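Novice: Going down the list, the protein sequences come from chains C and A.
Going by full-length UniProt numbering, 234 is the number at position 234 of the first sequence; the sequence numbering is gapless.
Going by full-length UniProt numbering, 133 is the number at position 133 of the second sequence; the sequence numbering is gapless.
Be careful, since some hints might not be right.
[Claimed, not checked] Here are the simulated lysine-lysine pairs, BS3-like style, with alpha carbons at most 25 Å apart:
1) Lys-249/A - Lys-287/A
2) Lys-130/A - Lys-195/C
3) Lys-113/A - Lys-195/C
4) Lys-113/A - Lys-130/A
5) Lys-195/C - Lys-94/A
6) Lys-195/C - Lys-74/A
7) Lys-195/C - Lys-93/A
8) Lys-195/C - Lys-101/A
[As the list claims (entries may be wrong)] Derived Cβ-Cβ restraints for the label pairs, each shown as a range:
9) Leu-280/C - Gln-133/A: 20 to 30 Å
10) Leu-29/C - Leu-168/A: 55 to 65 Å
11) Leu-181/C - Thr-65/A: 30 to 40 Å
12) Thr-209/C - Leu-168/A: 25 to 35 Å
13) Ile-271/C - Gly-104/A: 49 to 59 Å
Derived by calculation from the structure, the hints in this document are not laboratory data.
Quantities reported herein were computed from a predicted structural model and do not represent experimental measurements.
Ideal placement from N, C-alpha and C gives every residue a C-beta, glycine not left out.
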Amino acid sequence: MSTQSNRAAARLMVAPSVILLFIWMIVPLAMTLYFSFRLYRLLSPERSGWVGLANYTWFLKSPEFWQAIGNTLALVGGVLVITVVLGILIALLIDQPVKGQGVLRILVIAPFFVMPPVAASIWKNLFMHPQNGLFAAVSRAFGADPILYLENHPMLSVIGIVSWEWLPFATLILLTAMQSLSSEQLEAAEMDGAKPISRFRYIVLPHLTRSITVVILIETIFLLGIFGEIFTTTQGGPGSASTTLPYMIFKQAIAAKDIGRAAAGGIIAVILANIVAIFLMRGIGRNLDA
Amino acid sequence: MGKITLTQVRKSFGETHVIPGIDLNIEHGEFVVFVGPSGCGKSTLLRLIAGLEDISGGKIEIDGTDATDLPPGKRGLAMVFQSYALYPHMSVKKNIAFPLKMAGMDEAAIEAKVQSAAKILNLANYLERKPGQLSGGQRQRVAIGRAIVREPAAFLFDEPLSNLDAALRVTMRQEISELHQKLATTMIYVTHDQVEAMTMADKIVVLNAGRIEQVGAPLELYNHPQNLFVAGFIGSPKMNLITGAEAQKHGCTTLGVRPEYIEVSADGPWQGTIGLAEHLGSDTFLKVDVPGIGMLTVRGSGEMHLHHGNQIRLGPQAGKIYRFGPDGKAL
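Please construct the entire structure, taking both the sequences and the accompanying hints into account.
Specialist: Listed below in structure tokens is the structure:
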């Protein structure tokens with residue numbers, strides 16, 4: 001089915017969608033690049049013109065920028081570690097035969113269906129609220145002062161909320177991977193005298209590597225752009241303690257109304273995402289090869 | 001050593017009694033084959049001996065010690081699975097070394113054992129490969145290698161050849177038999193293929209619906225089946241089982257005649273029409289429709305020039321008939 005002529009026909013027929021997708025991608029990227037070298041402030045539209053690298057140097061010199069990079073990486077890394085480790089443990093648990101397994105699995109997966117701002121609001125107002133929150137009530141029950149989560153530990157709080165949202169995704173993928181492990185392999189290991197921990201370490205975990213890689217890659221893509229949770233809870237504060245790169249770009253574009261600087265930030269974010277992607281593919285991408 | 005004794009071993013899954021109660025003695029060094037149709041409980045019985053299933057009642061003794069509640073790893077048995085169950089992410093060497101590593105043996109001793117196992121099984125050139133890069137027969141050998149390095153009291157084989165093609169199956173069958181000669185360790189082998197059972201076993205255990213129908217040497221089962229089930233199961237092509245008036249004449253409910261003991265001759269007592277003639281060169285298999293008796297399978301010599309539609313006379317050889325009573329037991 002792959003003669004010269006039908007390969008050419010295939011290319012011709014795929015071409016329109018490829019071209020459309022390419023335009024879809026290249027036009028915004030080109031416009032962002034263009035604006036990133038321009039002076040373009042919505043509050044003073046009469047002033048415009050080329051500014052060279054000034055927008056970029058403003059970013060690189062801003063102390064908030066480096067904090068934002070650190071926060072972004074902490075958010076991505078923290079959520080990845082929490083979701084993968086807890087995801088494996090929860091998947092191991094709900095893989096056990098128990099009564100009401102179906103209902104249990106739906107309950108575990110439920111948080112994934114809650115949209116981010118709603119999830120963040122629930123956490124902010126029902127759990128972390130210093131007067132009405134559940135955590136405050138627990139603290140008081142132990143006779144301690146309520147912890148001001150969003151004020152004193154903003155980044156940890158955001159990581160916690162985002163982990164809660166992404167844990168079901170990791171659990172689901174890892175659970176299906178666990179179920180695809182042939183029971184004969186586990187039985188063979190049992191016959192070979194492997195204890196439960198060794199069976200996990202030598203049989204289950206290697207079997208999961210590919211799924212863990214998929215979880216890490218997919219989550220990284222979405223976590224680099226986390227915005228709604230921060231906007232709903234801490235607004236990037238206090239100060240800029242929980243400002244990530246996307247949130248900093250948002251502040252430049254919407255609060256400071258400086259489109260040029262926001263565009264430069266966007267380009268930096270694209271570069272950062274690509275660096276992360278290169279590291280990920282170098283580090284764990286080979287796990288995806290069969 | 002490798003003496004295994006089962007006493008009233010029972011297994012139920014909920015209300016289903018897969019194995020209602022089995023007594024069996026397996027002597028040291030014996031090659032025992034569990035054979036029976038699918039669903040007869042032969043694999044379950046093997047898994048009970050291995051410890052992969054919990055026993056519902058009864059007792060399993062291995063070398064005189066009660067192993068009923070021992071975990072699989074502590075029974076000193078090694079198992080070769082139908083799917084081989086190799087660890088796909090480990091090299092052949094690591095696969096074979098795995099049980100030794102779990103036993104906490106030191107590196108040098110492991111290396112020596114793996115090398116000697118690889119030599120026995122002709123795997124020395126493949127030690128660094130992953131199971132995915134091996135052929136079916138090689139994977140089978142790795143699975144056996146993983147079993148022999150542990151020097152178990154007994155080997156358990158769960159239909160190990162069913163995933164191989166016909167030619168390879170014959171070769172592996174011989175290899176396993178040779179291995180048994182070399183190691184002189186007890187082997188328990190589960191199969192539904194009676195040719196494997198006949199060729200490999202010292203002792204065949206014929207199972208049906210969780211019960212032992214008969215235990216004995218291959219030829220003993222062939223020559224003296226104790227009941228209809230064993231008569232019909234052992235032997236290929238199947239024994240002809242004749243009921244009705246012809247059986248009454250011989251004073252039994254069912255008359256059994258093996259295809260190889262029916263003679264085609266001009267003075268035979270039965271007359272029939274050939275429905276199908278299969279000429280294999282070495283043998284000829286005839287399906288003969290005998291009015292009043294039914295379809296009979298006849299095995300004749302390769303030089304038989306008979307074809308569909310021919311009328312022939314035929315009859316059983318004297319002294320080569322089996323008679324079964326109304327309860328299916330041999331008379």
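Novice: Between Lys-195/C and Lys-93/A, does the CA-CA distance stay at or below 25 Å?
Specialist: Holds: Lys-195/C and Lys-93/A sit about 21 Å apart, inside 25 Å.
Novice: Does the Cβ pair Leu-280/C, Gln-133/A satisfy 20 to 30 Å?
Specialist: Holds, since Leu-280/C and Gln-133/A (Cβ atoms, about 28 Å apart) stay within the stated range.
Novice: Against the range 25 to 35 Å, how does the distance between the Cβ atoms of Thr-209/C and Leu-168/A compare: consistent or not?
Specialist: holds, 32 Å
Novice: Would the hint linking Lys-113/A and Lys-195/C be met if the CA-CA limit is 25 Å?
Specialist: With Cα atoms ~22 Å apart, Lys-113/A and Lys-195/C stay inside 25 Å; holds.
Novice: Please verify whether Lys-130/A and Lys-195/C have alpha carbons no more than 25 Å apart.
Specialist: holds, 24 Å
Novice: Does Lys-130/A sit within 25 Å of Lys-113/A, going by the straight-line distance between their CA atoms?
Specialist: holds, 19 Å
Novice: Between the alpha carbons of Lys-249/A and Lys-287/A, is the straight-line distance 25 Å or under?
Specialist: Satisfied, since the Cα-Cα distance of roughly 23 Å is no more than 25 Å.
Novice: Do the beta carbons of Ile-271/C and Gly-104/A sit within 49 to 59 Å of each other?
Specialist: holds, 51 Å
Novice: For Lys-195/C and Lys-74/A, compute the direct alpha-carbon distance and say whether it is at most 25 Å.
Specialist: Holds - the C-alpha atoms of Lys-74/A and Lys-195/C are around 11 Å apart, at most 25 Å.
Novice: For the pair we were handed, Lys-195/C and Lys-101/A, check the Cα-Cα distance against 25 Å.
Specialist: holds, 12 Å
Novice: Can you let me know if the beta-carbon spacing of Leu-181/C and Thr-65/A is within 30 to 40 Å?
Specialist: Because 33 Å falls inside the window, the suggested range holds.
Novice: Using the Cβ atoms, figure out if Leu-29/C sits within 55 to 65 Å of Leu-168/A.
Specialist: Holds - the Cβ-Cβ distance for Leu-29/C and Leu-168/A, about 58 Å, lies within 55 to 65 Å.
The structure shown violates none of the earlier numbered hints.
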